[in-house]
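J.: Sequence:
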Amino acid sequence: FYLSFVIFGMFIGRVSPAKYSFLPKFINKRNMTLGVVGAVFVVVAGLVLTTFYIRSFVATLYFRSAVVAFNIDNDLPKTESQLTSAAGIFSSDQYYRGLVDVYIRRMSDLANGNAGDLSQDQTLTAFQSALSLAENAARNSIAIDTSNYINWITLGRVYESVVPFGVANAYDSAKAAYN
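By the working numbering, the letter at position 69 of the sequence shown is numbered 69, and the numbering carries on one by one without gaps.
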């Protein structure tokens, strides 16, 4: 079947429009070039859109895995890893807001003495690191969508969570984020 299709194509390619009148008159070199350019454009656009949707789908799978790890397994390192992977594949404010939740939870655990066998200096360093990561994640979510009020609330929650610990300017920063 395919061989007959190829041979028929070769036959049509050899036929000149002057000899055979069954070919339409609008087939000329300019129209053929436009057709080829149009087909190439459609193929390239299709590949770009397919890549976009595949990346979005894979990031959604990572996000789903992170939600399960956070809510069911209570596994913060796995949650952070999955959310970081999701945000790296497809940038979404929702993924960064999830990372903020992880870092706030980590700061809460450190403040409540659930630091394991860390010394006081190591606990303080880990707390400061989690605070910095939470602030950066909240700012990344705002950078992605400044019009989404939830992103601003998330930044306010970061500062609000450290107000009881006497972090300098936390109250004012929270207030500014909420406004």
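Just so you know, these hints were derived from the structure itself, not from any lab.
Careful, some of the hints might be misleading.
Per label pair, the in silico range of CB-to-CB distance [what the hints assert, rightly or not]:
(1) Ser56 with Thr123: 18 to 26 Å
(2) Ala111 with Gly46: 21 to 29 Å
(3) Asn169 with Arg64: 51 to 59 Å
(4) Asp109 with Ala39: 54 to 62 Å
(5) Tyr171 with Gln120: 19 to 27 Å
(6) Leu124 with Leu49: 21 to 29 Å
(7) Leu34 with Asp73: 54 to 62 Å
(8) Tyr178 with Ile72: 28 to 36 Å
(9) Asp172 with Gln120: 44 to 52 Å
Model, not experiment: these values are computed from the prediction.
Even glycine gets a Cβ: it sits at the ideal position worked out from N, Cα and C.
J.: Now, for every hint given, state plainly whether the structure supports it.
T.: Results for each hint:
no.: 1; hint: Ser56 with Thr123: 18 to 26 Å; in the structure: 38 Å, violated
no.: 2; hint: Ala111 with Gly46: 21 to 29 Å; in the structure: 51 Å, violated
no.: 3; hint: Asn169 with Arg64: 51 to 59 Å; in the structure: 37 Å, violated
no.: 4; hint: Asp109 with Ala39: 54 to 62 Å; in the structure: 57 Å, holds
no.: 5; hint: Tyr171 with Gln120: 19 to 27 Å; in the structure: 25 Å, holds
no.: 6; hint: Leu124 with Leu49: 21 to 29 Å; in the structure: 48 Å, violated
no.: 7; hint: Leu34 with Asp73: 54 to 62 Å; in the structure: 57 Å, holds
no.: 8; hint: Tyr178 with Ile72: 28 to 36 Å; in the structure: 31 Å, holds
no.: 9; hint: Asp172 with Gln120: 44 to 52 Å; in the structure: 27 Å, violated
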